[in-house]
Amino acid sequence: AVLYFEMGGDSWYNCTRADVSNSNSTLTSISNCVESSKRYLSSANECEWFGLTCNDIEKVTHIRLDENNLAGSIPSEIHALQYLKVIDVDSNQITGSIPSTIGLLPSLIVLDV
Numbered sequence: 001a002v003l004y005f006e007m008g009g010d011s012w013y014n015c016t017r018a019d020v021s022n023s024n025s026t027l028t029s030i031s032n033c034v035e036s037s038k039r040y041l042s043s044a045n046e047c048e049w050f051g052l053t054c055n056d057i058e059k060v061t062h063i064r065l066d067e068n069n070l071a072g073s074i075p076s077e078i079h080a081l082q083y084l085k086v087i088d089v090d091s092n093q094i095t096g097s098i099p100s101t102i103g104l105l106p107s108l109i110v111l112d113v
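Residue numbers for the sequence shown, in the numbering used here: 1 to 113.
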C-alpha cells in the first residue's frame with residue numbers, strides 16, 4: 001500500500017484501486033484488471049495484485065510496474081520486502097534518489113528504474 005500512495009497510484013494506467021476513475025484507461029488496462037482482486041488496495045492478498053509476484057510462502061519477490069505512470073520516489077520502506085528479487089519500474093516518472101534502504105534487500109538482483 002505504501003508503494004501505491006507514494007507513487008501516485010490513483011493515476012496508474014493499470015489496476016488502480018476500484019473506486020478510482022482513470023481517464024487514461026485503455027483496453028489493455030481494462031483487460032489487465034478484469035478480476036477485481038488484481039486491483040491495488042483490494043481485500044485480496046497482495047500476491048494477487050497487478051504487477052506483484054510472490055513465492056510459495058506469500059512473500060513479494062517481484063515488482064513489475066514498468067510503463068504504468070508511476071510518479072514520485074521509490075519509498076524507503078521497500079526494504080521491508082526482504083524476499084524481493086526484482087524491481088522493474090522503468091519508463092515511469094520516477095524522481096528523486098534511489099533510497100539507500102535498497103541496499104538492505106539481500107535477494108535483490110534486478111533494479112530497473
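Among these hints, one or two may not hold up.
[What the hints assert, rightly or not] Cross-link-like lysine-lysine pairs, in silico, DSS-like; alpha carbons within 27 Å at most:
1) 38 - 59
2) 85 - 38
3) 59 - 85
Hints listed in this document are in silico derivations from the structure and should not be mistaken for laboratory results.
Subject >> residue 38 paired with residue 59 [C-alpha distance capped at 27 Å] >> reply: The given pair, whose Cα atoms are some 16 Å apart, holds under the 27 Å limit.
Subject >> Given hint residue 85 paired with residue 59 - CA-CA distance at most 27 Å >> reply: Roughly 11 Å between the alpha carbons, so the hint for residue 59 and residue 85 holds.
Subject >> residue 85 paired with residue 38 [C-alpha distance capped at 27 Å] >> reply: 21 Å, holds
Checked against the numbered hints above, the structure breaks none of them.
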